[in-house]
Amino acid sequence: MADNKNKKGAIITALIVGAVAIGVYVATIMLNG
Amino acid sequence: MSTISAVAAHDDHHGPEKGLLRWVKTTNHKDIGTLYLWFAFLMLLLGGAFAMGIRAELLHPGLQLMDPQFFNQLTTMHGLIMVFGAIMPAFVGLANWLIPMMVGAPDMALPRLNNWSFWILPFAGAILLSTFFMEGGAPAFGWTFYAPLSTTFAPDSTDFFIFAIHLLGFSSIMGAINIIATVLNMKAPEMRLMDMPLFVWTWLITSFLLIGAMPVLAGAVTMMLTDRNFGTAFFDATGGGDPVMFQHIFWFFGHPEVYIMILPAFGVISHILPTFARKPLFGYTSMVYATASIAFLSYIVWAHHMFLTGMPVAGELYFMYATMLIAVPTGVKVFNWVATMWKGSMTFETPMLWAISFVILFTIGGFSGLMLGIVPADIQYHDTYFVVAHFHYVLVTGALWGIIAAVFYWLPKWTGRMYNERLGKVHFWWAMISVNVLFFPQHFLGLAGMPRRIPDYALQFADFNYISSIGGFAFGLSFLLFAYIVVDCIRNGKPADSRPWYSAKGLEWTLPSPAPYHSFNSPPARADILAESQHS
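Taken in order, these protein sequences are the chains called A and B. In terms of this note's numbering, the numbers along the first sequence are unbroken and rise by one, the last being 1254. In terms of this note's numbering, the numbers along the second sequence are unbroken and rise by one, the last being 550.
By construction, these hints were calculated from the structure, which means they are not laboratory data. Quantities reported herein were computed from a predicted structural model and do not represent experimental measurements. Be a bit skeptical, because a hint or two may be false.
Facing chain A, a subset of chain B residues (Cβ under 8 Å, in silico) [stated by the list, open to error]:
1. Ile187
2. Ile194
3. Pro229
Straight-line alpha carbon distances no greater than 35 Å define the calculated DSBU-like cross-link-like pairs of lysine-lysine that follow [stated by the list, open to error]:
4. B:Lys32 with B:Lys519
5. A:Lys1229 with B:Lys32
6. B:Lys32 with B:Lys508
7. B:Lys519 with B:Lys508
8. B:Lys357 with B:Lys439
9. B:Lys293 with B:Lys508
10. B:Lys439 with B:Lys508
11. B:Lys439 with A:Lys1228
12. B:Lys357 with B:Lys39
13. B:Lys439 with B:Lys293
14. B:Lys357 with B:Lys293
15. B:Lys519 with B:Lys357
16. B:Lys39 with A:Lys1229
17. B:Lys439 with B:Lys519
18. B:Lys39 with A:Lys1228
19. A:Lys1228 with B:Lys508
20. B:Lys508 with B:Lys357
21. B:Lys519 with A:Lys1229
We put the beta carbon where it would ideally sit given N, CA and C, even for glycine.
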């Protein structure tokens, strides 16, 4: 049975989603500047 | 089941730490879920105490108990504490407890991040509350903190408010990252996306809303901070800025925020109704797509909060029609819930009572929202008590109802004990009647023209305000009974079976009650997933 502890995938997902959040934050300020 | 014996063996040598440090250092999703839920309940009591102050002042016309400035501080802090301190953390607590068990995962994907997400909250809350004791008092510009009230004309404590909002937003974003990573990477390998329970689906979609909306809020408060302290003029017209832009940015966050607080409640209700109607959920697939549609639409309707700021007619029409459109997927969900109950063998245990009343009362809040979305009508209703009635039907009898329903439904799984069913029903009817006495007359006050956020009012509003305040005090008291029921369940409840609601579906019910400290160290098999799916 396959493992359900996909740690590497979880970290990559977290980094991508975190980068999107930072991008939204920066874009909010830059677009209003 | 083999998973359970493996779990029990594992617990023998690696249970929770003893003492207070367990809660400080814990990376266990169940511990962190418990922390979130208790924190949210304390904040609910605190925000509720502020609401009692507001309703006490409004019991009679004239200034009775406090000066208008303090009244404004209470309304502001009530809104902020309830939204960021009570409702959102409560749903994150439910997500922590339930999502790993529902998807057959051993824990959240990023347990240390999870610990950090929670422990930021008490500090952020303390910073926010400390503003009451500062010179000039707490922020008094309403939970929407429109510029220039929150920039040029705000008390010094506003900088602490800004810091607190940054921290709260940071915590929410980290929580959302964790949930997305958990659902996409840690669910049982043999669980497909369309096998996932509705609570997991609604939280996954909510997490994407958080990722899109919370950084916008963070951007708004950052710009406020630089306007106040570093000479920028983002929202200052005298420096070339635009205060109305603040409202656009705020509501670009604020409208998805409404759905952040209600979508997980939709998920909860989609579990409870099938259990007590003893039928599979009607229209599982359409529920998933309706949730995603609501989330998408929530990003493109923000300016319906701003019809009175002045905008081109084409803009008004667009935002009005886009708002109407949300009624379609929401209607799909409501009709699916009704169809789930249709011809079911229904029984009315406490969670079911909360779930059914959610469907009825949330729909009232939804309809008054449609009324507010109509431009010419909104010109009459804007900033009146009709708006207050509307969003309390959505957030109290919607979001909070979903949380309370979830607590009663999963309490036996969390504690291994049953709550007192008779007291649960007494509490339900007490809250159900008093909440309507509290909020329904506010529709009439608003239609008659009573503005929101005022400590005094004209004499013609006296009777309905009196009724509303009496309902408010009764509703506030009902939470003391709620606390008693939960504590009584934990201490004295009768032992609960692993599946106390025998028709309940879901992987969490395959675990013993209380759920073991570590669960699903080996993932559930396809057959178990299908047997517990909401399709079957």
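**Item:** Ascending list of hint numbers which this structure does not respect
**Value:** 11, 12, 19
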